[in-house]
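*Asks:* Sequences listed follow chains A and B, in order. Just so you know, the first sequence maps onto residues 1 to 114 in our numbering. Just so you know, the second sequence maps onto residues 1 to 116 in our numbering.
Since the hints were made in silico from the structure, they are not lab data. A hint or two may mislead.
[Claimed, not checked] One side only, chain B facing chain A, incomplete, derived with CB under 10 Å: (1) Gln37; (2) Ser71; (3) Gly100.
Since we're looking at a predicted model, the values are computed, not measured. For every residue, glycine included, the Cβ atom is placed at its ideal position computed from N, Cα and C.
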Amino acid sequence: AQSVTQPDIHITVSEGASLELRCNYSYGATPYLFWYVQSPGQGLQLLLKYFSGDTLVQGIKGFEAEFKRSQSSFNLRKPSVHWSDAAEYFCAVGSRSGNTPLVFGKGTRLSVIA
Amino acid sequence: DTEVTQTPKHLVMGMTNKKSLKCEQHMGHRAMYWYKQKAKKPPELMFVYSYEKLSINESVPSRFSPECPNSSLLNLHLHALQPEDSALYLCASSRSSGGGREAEAFFGQGTRLTVV
Chain A
1 AQSVTQPDIH ITVSEGASLE LRCNYSYGAT PYLFWYVQSP GQGLQLLLKY
51 FSGDTLVQGI KGFEAEFKRS QSSFNLRKPS VHWSDAAEYF CAVGSRSGNT
101 PLVFGKGTRL SVIA
Chain B
1 DTEVTQTPKH LVMGMTNKKS LKCEQHMGHR AMYWYKQKAK KPPELMFVYS
51 YEKLSINESV PSRFSPECPN SSLLNLHLHA LQPEDSALYL CASSRSSGGG
101 REAEAFFGQG TRLTVV
């Protein structure tokens, strides 16, 4: 069965600084990978996804993520963080077949300071 | 239209009340999901409907009763809830539940439920 690990529970960065949120997955084949963002009391919004092809994926709000098969990772990056990026970020993995919904990591809470 | 709409946004109910949460999508998706999310936790899958049939029930107590009247609508009927059931309830949909690209999930904004 697939699983997702987000090693960082909480990260604080200064506004304007770069950001990297880590995500490691466990899956027997190449998975489908997603990053979602959730503002307090809101639903989950899809930032970006990886299905196949180019391993560097561009998303909304200036985010990108890189799929690294050798490291089983799909880390989320942003070159310059804005105060509005403060939120909870979830990495998720989907299987390539079968009746299996997305599996979510435990999330990383991002705080942005001035 | 890429929206999943949930109503109500907020709900306060007593432990003896009966209430329902509603979810609607018009993307032609054939899989719909209910998740429960407690504060500072990831969403926990409760139910999956595939082509209007219940395909996954993650051992959810019977005080939660899902219903899928048609391919666009998903309800969650609530009865005799406990205070620990207070949470954000999220609805999601995807093209299908068959895995692969089809399983990309679109989420609603959630219903904040408080049981008193």
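*Asks:* Compare the structure with each hint and give your call.
*Replies:* Verification of the hints:
1. Interface hint status for glutamine 37/B: upheld, as the beta-carbon distance to the closest one in chain A is roughly 9 Å, under 10 Å.
2. Restraint check, serine 71/B versus chain A: the minimum CB separation of about 17 Å is more than 10 Å; hint violated.
3. Hint status for glycine 100/B: holds, given a least beta-carbon distance of 5 Å to chain A, under 10 Å.
When the structure is compared with the earlier hints, a violation turns up for hint 2 alone.
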